[in-house]
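**Student:** Each chain is listed here by its residues.
Number of protein chains: 2
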Amino acid sequence: MGVPAIIPFKPQNPKSRLSCVLTPGEREIFAQTMLSDVVGAVLGAGCDPKVVSTEPFPFLPAPVETIPLGLNETLNKELAGMEGPVLIIMADLPLADSQAIGRVIATPMDVALVPGRGGGTNAIYLQRGSSFRVDYYGASFLKHARIARERGLSCDVVDTFRLHTDVDEKEDLVELLIHGRGTSRKFLEDLGFELSLEKGRVGIRRKTESTDVESSSRKD
Amino acid sequence: MGVPAIIPFKPQNPKSRLSCVLTPGEREIFAQTMLSDVVGAVLGAGCDPKVVSTEPFPFLPAPVETIPLGLNETLNKELAGMEGPVLIIMADLPLADSQAIGRVIATPMDVALVPGRGGGTNAIYLQRGSSFRVDYYGASFLKHARIARERGLSCDVVDTFRLHTDVDEKEDLVELLIHGRGTSRKFLEDLGFELSLEKGRVGIRRKTESTDVESSSRKD
Numbered sequence: 002m003g004v005p006a007i008i009p010f011k012p013q014n015p016k017s018r019l020s021c022v023l024t025p026g027e028r029e030i031f032a033q034t035m036l037s038d039v040v041g042a043v044l045g046a047g048c049d050p051k052v053v054s055t056e057p058f059p060f061l062p063a064p065v066e067t068i069p070l071g072l073n074e075t076l077n078k079e080l081a082g083m084e085g086p087v088l089i090i091m092a093d094l095p096l097a098d099s100q101a102i103g104r105v106i107a108t109p110m111d112v113a114l115v116p117g118r119g120g121g122t123n124a125i126y127l128q129r130g131s132s133f134r135v136d137y138y139g140a141s142f143l144k145h146a147r148i149a150r151e152r153g154l155s156c157d158v159v160d161t162f163r164l165h166t167d168v169d170e171k172e173d174l175v176e177l178l179i180h181g182r183g184t185s186r187k188f189l190e191d192l193g194f195e196l197s198l199e200k201g202r203v204g205i206r207r208k209t210e211s212t213d214v215e216s217s218s219r220k221d
Numbered sequence: 002m003g004v005p006a007i008i009p010f011k012p013q014n015p016k017s018r019l020s021c022v023l024t025p026g027e028r029e030i031f032a033q034t035m036l037s038d039v040v041g042a043v044l045g046a047g048c049d050p051k052v053v054s055t056e057p058f059p060f061l062p063a064p065v066e067t068i069p070l071g072l073n074e075t076l077n078k079e080l081a082g083m084e085g086p087v088l089i090i091m092a093d094l095p096l097a098d099s100q101a102i103g104r105v106i107a108t109p110m111d112v113a114l115v116p117g118r119g120g121g122t123n124a125i126y127l128q129r130g131s132s133f134r135v136d137y138y139g140a141s142f143l144k145h146a147r148i149a150r151e152r153g154l155s156c157d158v159v160d161t162f163r164l165h166t167d168v169d170e171k172e173d174l175v176e177l178l179i180h181g182r183g184t185s186r187k188f189l190e191d192l193g194f195e196l197s198l199e200k201g202r203v204g205i206r207r208k209t210e211s212t213d214v215e216s217s218s219r220k221d
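As given, the protein sequences belong to chains S and P, one line each in that order. Counting with this note's numbering, you get residues 2 to 221 for the letters of the first sequence. Counting with this note's numbering, you get residues 2 to 221 for the letters of the second sequence.
These aren't lab readings, by the way, just hints derived from the structure by calculation. Keep in mind the model is a prediction, meaning the values are calculated, not measured. Note that the Cβ used here is the ideal one computed from N, Cα and C, for glycine as well. Treat the hints with care, since some could be wrong.
[Said to hold, decoys possible] Simulated pairs of lysine-lysine, BS3-like, Cα-Cα distance not exceeding 27 Å:
| hint | chain 1 | residue 1 | chain 2 | residue 2 |
| --- | --- | --- | --- | --- |
| 1 | P | Lys171 | S | Lys200 |
| 2 | P | Lys16 | P | Lys208 |
| 3 | P | Lys11 | S | Lys200 |
| 4 | P | Lys144 | P | Lys16 |
| 5 | S | Lys144 | P | Lys171 |
| 6 | S | Lys11 | P | Lys200 |
| 7 | S | Lys16 | S | Lys78 |
| 8 | S | Lys171 | P | Lys144 |
| 9 | S | Lys200 | P | Lys144 |
[What the hints assert, rightly or not] Only some residues are given here: those of chain S computed to face chain P with a beta carbon under 10 Å:
| hint | residue |
| --- | --- |
| 10 | Gln100 |
| 11 | Arg104 |
| 12 | Gly120 |
| 13 | Ala140 |
| 14 | Leu143 |
| 15 | Val158 |
| 16 | Asp160 |
| 17 | Thr161 |
| 18 | Leu164 |
| 19 | Val175 |
| 20 | Val203 |
Using the sequences plus the hints, can you model the full thing?
**Tutor:** Below, the structure is given as structure tokens:
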């Protein structure tokens, strides 16, 4: 048995800040492909993934539990009964790989935190689940570091951009198109997304039939 | 003698995308404090820093060479004569620490790249300087990975958010206020910058005399 890895997931109307580039249906599938990449990385690191989802949805590569409570309440209820190690890892980390997760769960400290971009917490590893309580939302990284400190737990901060890079906004898709290796990158590419260079800065654009028409009409 | 570490630097009108929150003079000092943090991290990792600057400026903690050519031309001229190892590291990485740099220079590969956010390259380590040529600007990470491949050099990508996080825009200052430990964080705090929470997202705000007046007038 590997370390249990809890992956919270929101299947309905996910990633709303990507609405400018993806339809609601595309966002749903995209969120599932990112989850799939995280599950793959977690399995590769020898962990046992369990998805805890706010709504039922048909995802097969890992067991899914539908949770009635909020994220913090659900996780803290789970943690309270866990005397062994546990990993909590977010579902929107499509650059996650087994090496990075391996570094997290190899920590010699009581707690290992992986900060997300903008103050969040993308992964928490606990040698003993019941020793901790989570407090997501807002600047949760600072809250989690303080909770560890207040409980006298030694705390590691694992330095990995692969787990630091959560995908919320259009600009984050650049990272995925450059560094991704999994199904979520392929999904974006199949939709026609590619890197673009504008005024020296790297962005993304989506090839559509209309822009194809546009570029061919330029030949006239 | 440690590994030579070349740090390109632009002292005049640096970080123009921070103009919305910093005056030109503040940006100049801020760029120098970030450079100072990078120099400290480089020294801590046992490297010998050398700043190559586009303009003369009075920076004491490391030798400074003023370069007449463009960045790529200057660096490639330097590399051509180097048969030993060399590190090239950007000056706008205020989260840099010795551990992350140590991981870069400990690579068993011919080349180690650290990607920056948005497709750039924040650090390049070469076992043999003359084996490589740099090509900065645009999606330079992809260009550098290709140059290594074309030259038959084995290439490592070092997974570190501390060296991945370059500071260009206002949002990047959030990372510095959360994870920074050096002079550039202190500089921002002395200017009155602090984290703020708006609609659940972490941002920054600057306490000024006028906002102090504003908040006290609210008590009326």
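**Student:** Report holds or violated for the interface hint on Gln100(S), using the least CB-CB distance to chain P and a cut-off of 10 Å.
**Tutor:** holds, 7 Å
**Student:** Grab the minimum C-beta distance from Gly120(S) to chain P and call the hint holds if it beats 10 Å, violated otherwise.
**Tutor:** Cβ of Gly120(S) sits 4 Å from chain P, so the hint holds.
**Student:** Should the interface hint for Thr161(S) be scored as holding, given a Cβ-Cβ cut-off of 10 Å against chain P?
**Tutor:** holds, 5 Å
**Student:** Given the hinted pair Lys11(S) and Lys200(P), is their alpha-carbon gap at most 27 Å?
**Tutor:** OK: Lys11(S) and Lys200(P) at ~19 Å, within 27 Å.
**Student:** Quick one, are Lys171(S) and Lys144(P) close enough, alpha carbons at most 27 Å?
**Tutor:** Roughly 22 Å separates the two Cα atoms, so the pair holds.
**Student:** Would the hint on Arg104(S) be counted as holding, given a Cβ-Cβ threshold of 10 Å to chain P?
**Tutor:** holds, 8 Å
**Student:** Under 10 Å is the threshold here; is the Cβ of Val175(S) close enough to any Cβ of chain P for the hint to stand?
**Tutor:** Holds, about 6 Å.
**Student:** With chain P as the partner, please determine if Leu143(S) meets the hint condition of a C-beta pair closer than 10 Å.
**Tutor:** holds, 7 Å
**Student:** When the nearest CB of chain P is found for Val158(S), is that gap smaller than 10 Å?
**Tutor:** Nearest chain P Cβ about 8 Å off; hint holds.
**Student:** Does the structure keep Lys144(S) and Lys171(P) at a Cα separation of 27 Å or less?
**Tutor:** holds, 22 Å
**Student:** Are Lys144(P) and Lys16(P) close enough, with their CA atoms no more than 27 Å apart?
**Tutor:** holds, 24 Å
**Student:** Quickly compare the C-alpha distance for Lys16(P) and Lys208(P) to 27 Å and report which way the hint goes.
**Tutor:** holds, 21 Å
The structure shown violates none of the earlier numbered hints.
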